[in-house]
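Trainee: My request is simple: use the sequences and hints to build the entire structure.
Protein sequence lines, in the order shown, are assigned to chains S and U.
At position 109 of the first sequence (counting the first as 1) the number is 109 in our numbering, and the numbers step up by one without a gap.
At position 455 of the second sequence (counting the first as 1) the number is 455 in our numbering, and the numbers step up by one without a gap.
In case anyone wonders, no lab produced these hints; they're calculated from the structure.
Worth double-checking, as some hints may not be accurate.
[To be verified] Some chain S residues close to chain U (C-beta under 7 Å, calculated; not the full set):
1) Ile10
2) Asn52
3) Tyr56
4) Ile107
We put the beta carbon where it would ideally sit given N, CA and C, even for glycine.
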Amino acid sequence: MKTLNELQEIRKQVKNQVANRGIVSNSATNIVVSMDTCGINAGAKNVLKAFNAETYRLNLLDIIIAQSGCGGDCKLEPVVYVTKDGVKTTYANITPEKAVRIINEHIVGGKIIKEFINA
Amino acid sequence: MRQHSHVLVCGGTGCTSGGCKALTAELKKQLAVNNLTEEVGLIVTGCFGLCALGPVVVIYPEGSFYEKVKVADIAEIVSEHLVKGKPVERLLHTEGSGDTEVQSFADTSFYKSQLRVALRLCGLIDPECIDEYIGYDGYTAYPKAVAMSRQQVIDTIKDSGLRGRGGAGFSSGLKWQFAHDAPGKQKYVVVNADEGDPGAFMDRSILEGDPHAVIEAMMIAGYAIGATKGVVYVRAEYPIAVGRLEIALKQARQYGILGKNAMGLKNDFDIEIRLGAGAFVCGEETALLASAEGRRGEPRQRPPFPAIKGMFDMPTLINNVETIANITQIINNGAEWFKGIGTEKSKGTKVFALGGKIKNIGLVEIPMGTTLRTVVEEIGGGCPKGKKFKAAQTGGPSGGCIPASHMDIPIDFDSLVSIGSMMGSGGLIVLDEDNCMVDIAKFFLEFTVDESCGKCTPCRVGNKRLLEILEKLTDGKGEQGDIEKMEKLCHYIKENSLCGLGQTAPNPVLSTLKYFRDEYDAHVCDKKCPSGVCKNLLSFSILDNCIGCTLCKRVCPVDAISGELKQLHTIDQAKCIKCGLCVDKCPKKSIIK
Ligand SMILES: Cc1cc2nc3c(=O)[nH]c(=O)nc-3n(C[C@H](O)[C@H](O)[C@H](O)COP(=O)(O)O)c2cc1C
Ligand code: SF4
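Mentor: So this is what it looks like as structure tokens:
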């Protein structure tokens, strides 16, 4: 028999797993990874994975991570758009390592990482 | 792991007939081909609501709503949307205004005015996976209820103002109180999933989409009234619902969520399923109990009400599926929250199965008090082909019609009764200018005459006689005085029938008489059916502008049309069977009814 605590554990885990099954709304914090052919060639798939893995690790529930088509700046791929508190930031040439830093410093820490922004 | 996308495929009855199983198989294949099996979740859910557009696939996090998806479309959806993040525009649901901006399901006008309480998780979770229900705060209400006293639970339900969704709208809290107070060794909680109204599928969709919500609510009800046994009475024609419920019960027992001292809490409760054979009268509570006990499904006199003397003569709480689907959320969010939705005397929401002459055929849940206009025009998208709305029939064969002049009436229990209709269990059939109201009344009466159990004379014989008069009218044999005779008979049947079936059977006749008397008069006096539905009152004729193309002559199956090429044609009324084929064929629209 599952105890109430065990059920709570399942609940926490499933909540974390299904966090992306929300409906994207403009007010929520969201991360959009540009994933067209150019982005994928430049490594966007692993960036997307890194975002999902890190938010899962930190149990961040109300962050939506979505993908989008090409934004036009193919040489800057992988491009990532982060919207937090209504402010949209565009990051260029993102790697999985940089993705982890974005989660920790921008999403959790609230500080935009200037060096990742294409000047 | 967190997956970056979730692909939800509707696995409700509608989309299953639309071929969603093949879609799921193809999705699995394409995800594997693109190496996405790990990263993308594939979930078969219950009904999303827009059944007419099925099979339906929704992809999160974007909330992209794909309609009428075919197996051949899957490869593109996977390679474009899931691999590259580019939704496949040509398959997205748009609202016919040429507006392709709408992408998220939540932003469509079909969805925007809805509020999902009873259908909270329908179309969002995998009903065959208990973990998903648990993840969406499932099985939190039951421990909360057991921590309260039984009376506190009942008071919460009473305070919430919840009223039965099965038709009569009786206060659920009071019913729970009666069952709690009644003395008896073995009490029962019975959920009524008979759902016999033609065109209704609210309860089926809840069982298919979120069966654990029903199980958890039954456990709470069992605790509140002191019952250890629960029964779900569901018609055998609902194989998907029955299957999902069986899986849910099995998983709940495996987890020790259902059964003796479930979840380690001191309380016993278990549930079994009883299958009904699909008789409408078995939805009536006393007939249902008889059938569930293994006897012939016939109603008996009330009182005693089932709460006092029900299953095997023991105190029994009977609630409708949708009623019970509100319970966990009332416990979790409080009576105040529930009271905040709806109107003064009708709290919460109501689920409707939208059908008939309406664009968005499907399942909708609206706050009580929403106007019929909002439901028909905004959510439903209006009548197809620009036809004029004539009336909406609510309450199925027990209810009545709401004419266009009452479109701004708020939908709640008391407003509907005040205009001669009723909420009923939630069938909402839209009728347009092409529907004949006498024919509609006849349709429902044919249904009740078929379904009458025959136990009492007013219903068995009275309704049959009533139907015979209606048939006389639609055959063009109506006489002066027939309408008055019908009215008298209607009242007699209503007053003298034993159970709700007979007591409400004349309602469709009475309410169409109330609002569409002119149509009845046209049938009796002019021997005409203004909407051109009743065949025996039609006569087809050809106007002078006939060009003699002979198309009509060739299409007529009984050779009733004669005429030479380039000459005016004529129809032999004696031979004509009024099939209307010639009307559609004529290039000059010269053939009129
Ligand atoms: C002919 C007839 C058919 C009925 N069919 C149903 C039905 O299919 N489902 C249902 O829940 N209630 C049906 N009812 C109402 C039930 O008798 C009963 O009132 C209801 O199940 C109580 O649940 P509630 O208080 O939650 O609405 C029917 C009643 C009559 C008279
Ligand atoms: S009213 Fe009709 S259905 Fe009800 S008991 Fe009488 S005959 Fe049977």
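Trainee: Give a verdict on every hint.
Mentor: Hints, verified against the model:
no. : hint   : verdict
1   : Ile10  : 5 Å, holds
2   : Asn52  : 4 Å, holds
3   : Tyr56  : 4 Å, holds
4   : Ile107 : 14 Å, violated
Taken one by one, the earlier hints fail for this structure only at number 4.
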